[in-house]
Amino acid sequence: MKRFRRHGHESQRDRLKQELFHFTKTVEHGFPHQPSALGYSASLQLMAIGTRSGTIKLYGAPGVEFMGLHDENAAVTQVFFMPHQVELVTLLDDNSLHMWTLGGHKGLSELLEIGRFMLTGPPGAPPSVTRVTAVLAHSSGELLLLGTEGGHVFIVEVPGFRELEERNISLDQVTSGVPDDYIGRRNLEHVEALQENPINSNQVAIGYGRGLIVIWDLEQRHAIRHIPATQQLESMWWTEDGSSLLSSHSDGSYCCWPLRGEDENEAEEKSDTPYGHFPCKAITNIVQLPTAGGPPFLLFSGGMPRASYGDRHCITVIHSKTQVAFDFTSRIIDFFVIRDGPQHTGEPSALVVLVEEELVVIDLQTEGWPVIQTPYLVSLHSSAITCSHHVSAIPLKLWERIIAAGELQNTHYSKKPWPITGGHNLAPDPPQRDLLLTGHEDGTVRFWDASGVCLYPLYKLSTAAVFHADADPNDNMSQSAEGEWPPFRKVGCFDPYSDDPRLGIQKIHLCKYSGYLTVAGTAGQILMLELNDEAAEQTVEAKVVDLLQGQEGFRWKGHTQLDVRVESVLFPAGFQPFTVVQCHPPAVVTALTLHSEWKLVAFGTSHGFGVYDYLQKNNVLVKCTLNPSDQLAMEGPLSRVKSIKKSLRQSFRRIRRSRVSLRKHHISSTAKIQEANARLEAELAEMEMAPVQRKIEARSSDDSLSGLVRTLYFADTFLSDSSHNTPSLWAGTNGGCVFAYILYLPPVEHRADEPVTAQPAKEIQLMHRAPVVGIVVLDGHGAPLPEPLEMAHDLARSPDMHGSHHVLVISEEQFKVFTLPKVRYPCIRREDVSGIASCVFTKQGQGFYLISPSEFERFSLSTRCLVEPRCLIEAPLHPVSSNQHQPKPEGDSSAYRSSQDTEDAESAARCVMEHALLNDEKVLQEIQKSLEGDQMSFPENNVKSAVA
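Each residue of the sequence shown is one higher than the last, beginning at 1 in the UniProt record's numbering.
No lab work stands behind these hints: they were computed from the structure. Worth double-checking, as some hints may not be accurate.
[Unchecked claim] With a straight-line Cα cutoff of 27 Å, these simulated DSSO-like cross-link-like pairs (lysine-lysine) come out:
no.: 1; residue 1: Lys762; residue 2: Lys599
no.: 2; residue 1: Lys270; residue 2: Lys321
no.: 3; residue 1: Lys617; residue 2: Lys599
no.: 4; residue 1: Lys843; residue 2: Lys460
no.: 5; residue 1: Lys397; residue 2: Lys557
no.: 6; residue 1: Lys543; residue 2: Lys557
no.: 7; residue 1: Lys843; residue 2: Lys599
no.: 8; residue 1: Lys321; residue 2: Lys397
no.: 9; residue 1: Lys416; residue 2: Lys460
no.: 10; residue 1: Lys599; residue 2: Lys623
no.: 11; residue 1: Lys543; residue 2: Lys490
no.: 12; residue 1: Lys490; residue 2: Lys416
no.: 13; residue 1: Lys557; residue 2: Lys623
no.: 14; residue 1: Lys321; residue 2: Lys415
no.: 15; residue 1: Lys415; residue 2: Lys490
[Claimed, not checked] Taking CB as the label site, the calculated pair distances span:
no.: 16; residue 1: Gln432; residue 2: Leu408; range: 55 to 63 Å
no.: 17; residue 1: Lys762; residue 2: Leu108; range: 49 to 57 Å
no.: 18; residue 1: Trp418; residue 2: Asp753; range: 48 to 56 Å
no.: 19; residue 1: Asp217; residue 2: Glu347; range: 31 to 39 Å
no.: 20; residue 1: Val748; residue 2: Ala465; range: 32 to 40 Å
We treat Cβ as the ideally placed atom computed from N, Cα and C, and that holds for glycine.
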């Protein structure tokens, strides 16, 4: 009977959990980690990005987003949309091809994998025969042409992935018509590029690595013309009228080959090297687009003089007499051009460039070719993210003032709307305005609109102007001068190198009702800022707080404090600082809270905590929590052994600085891939196992940094007796100690004259000594106390001050008060230290945490509050051949899988992707290989494999 009752009780609790709580990963914000391929469909107006972890992401109009994950944990090397269809094909570095479709489900579109294929050569043939190096999606929508490392071209029928052996183009067929002297001098090497004749779909150009270009007739199955170029081929482009073919080469030159009215034997190789007679880097991609009644646009990537500018990542745009070399912040992956008109064949309107760390879109129709601001895929990590802070339900007035300040910073952007407009965003309008604030290593705070699917930038605050920072003497070395050649123009915002690491923002707190903001940094600086709609020139008052309080035997070995400017500084409209509190020693600020109704700010470091009255600009309380055995507290974070995150970042910096020219190559081993997949599956199985319950063990009082302050909390509650509530401050430390202080505030009419005082009230030592990470006071009804000024704005009911209050102390080991059924969801793996440290929650049961340096994962614990993409893609209205194949229904072929299998695989594969992104050991191995010289470069648009 007892068992029956217990079982019923558990079922009731399970039902309660299912009704109230449900963990869901909803959307990923930010820029994809390690992008490796780019694709675009002009008919669908969709862009696709593939990554090294096997993710494929599609983007259209703001709010239209799709994500898929290959079961194979392999890098995506190429992405192609099938012309005028809702299917796309991806090529992975394990040589597998995958077909995806945007299928409909319950009135919404979803990205599903419907087939996969891998070329198989004849028995005994080397792997190079079928290693795919170039892909062409034929305009018929029925064929894929696959160029290989062995020089052959295989023709595959889609969507069924059936190889048409009788139509394949072998290397022997190609070489039979090539002049003997050309064949004698060189091996043709791999197929580097494939291009279709825009006016005759039966003709394709096959470009080989050594330079030979062959025009092949697919219907007659023979070569029409051979173009014997002598330089290493990088890419090709067939002009829109079909009259000529452009080829770009490894020596920084390009050639224009006329294809009409000229005998092939009389065609001479006339190359043009845009950037001089000195050795130049390869032009890896070239595009030429016509304009109405004027000269064409010529665009190409690379081609810079090797000795002088070999480390630049450039795309050159030439139109009429205007030539600009757009200088990007990281390596170029690929680019495409968007054109006007209903058939997208009109004037070039925008250049879209994917680089390793950001997406840049350039307006080609506005004078000066300005950059168009991106509504999504924004580089969150333009400077490394160091902290984050979420604020819900922003009042409209504050929201508009922040937007107005941000618009003054964005005057250099183009006024044209976002040019990628595919799909329909069916998600409902957000019920409220939410802000996500991110602190960065360079001392900036960025404000993001986190209300919906797109994380949109609103405003950027910089704190560097307040201090005399250590400026980098090389800051301006990349800026172009008047009349410089090449005509560089710096574009992009990714800049991971901080002028002074002491500027880094560690804590943020914004009061949405008063407009006060406080930020704290790496060198013990706490800034108080107020929102101002106009620019103002003012001095910033500095106050030093000695947290040691004269303690003897302590010597600070860390970094020095930042020097505040004594002269007046012109601050732009927005948040402007009016006072700075400087902690001594200048250690990292580890806790921060603001009470704008009482005009108090509390801060804590590894040495103690304090309270500052920013109305009267004086100290209220200073408490030293330093333990004499805390040796690490004597050293700053910049002088002790660096964390793994910082070591990784510096390793990548060294790689970027030393990398001058990367050749594209590919190293593959089936055994290595199988071994890696087996290891990932084993680790995934281990992650999915139920956690082992362990006994809470007491921690030693001698642990390092036991006096470090982890959390601070203001509350109006009962501390002295049960009948009189008073303002109070609560502080929790790394050693499991909780301090409570009574704060005596003068009456409102004397608040500006009489001082605020503090008196110690309670001190609690947790038995297990685990770090205290949160403190909350609950009123008589068990509800948390309202935020400062929340009741004054009639946005919260008054707390119950008649019943007894409770304090909820949250440590790393346990909750001291349990008010809900025990709920546990595997949200963030315990090994993911960066994810746990970066996690912030909203008041609606949602949260954000970093899954890579450039991406936030958004999740929800609520069954009702979800922010996720809800999109619909309509198939383009374009005539296609009557015998065009349609995607087969489930069960028709082994190449097609059911939707249920896809959903199950997608769920498991998502875990694999997250594990791959956050596996520090794998990243370390990659860095080690890179430093040893085994650098791997993923191709921009073509896989380039050298043939021995």
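Results of checking the hints against the structure:
1. Lys762 / Lys599: 23 Å, holds
2. Lys270 / Lys321: Holds, because 21 Å separates the two Cα atoms, which is no more than 27 Å.
3. Lys617 / Lys599: 10 Å, holds
4. Lys843 / Lys460: At roughly 24 Å apart (the allowed maximum being 27 Å), Lys460 and Lys843 satisfy the hint.
5. Lys397 / Lys557: 46 Å, violated
6. Lys543 / Lys557: Since the Cα atoms of Lys543 and Lys557 sit roughly 22 Å apart, the hinted pair holds (cutoff 27 Å).
7. Lys843 / Lys599: Status holds; Cα separation ~24 Å.
8. Lys321 / Lys397: 48 Å, violated
9. Lys416 / Lys460: Answer holds: Lys416 to Lys460 is near 22 Å, not above 27 Å.
10. Lys599 / Lys623: Roughly 19 Å between the alpha carbons, so the hint for Lys599 and Lys623 holds.
11. Lys543 / Lys490: Outside the cut-off at roughly 40 Å; violated.
12. Lys490 / Lys416: 20 Å, holds
13. Lys557 / Lys623: 21 Å, holds
14. Lys321 / Lys415: Since the Cα atoms of Lys321 and Lys415 sit roughly 24 Å apart, the hinted pair holds (cutoff 27 Å).
15. Lys415 / Lys490: 19 Å, holds
16. Gln432 / Leu408: 55 to 63 Å: Check failed, 25 Å falls outside 55 to 63 Å.
17. Lys762 / Leu108: 49 to 57 Å: 54 Å, holds
18. Trp418 / Asp753: 48 to 56 Å: 54 Å, holds
19. Asp217 / Glu347: 31 to 39 Å: Because 32 Å falls inside the window, the suggested range holds.
20. Val748 / Ala465: 32 to 40 Å: Distance hint for Val748, Ala465 holds at roughly 34 Å.
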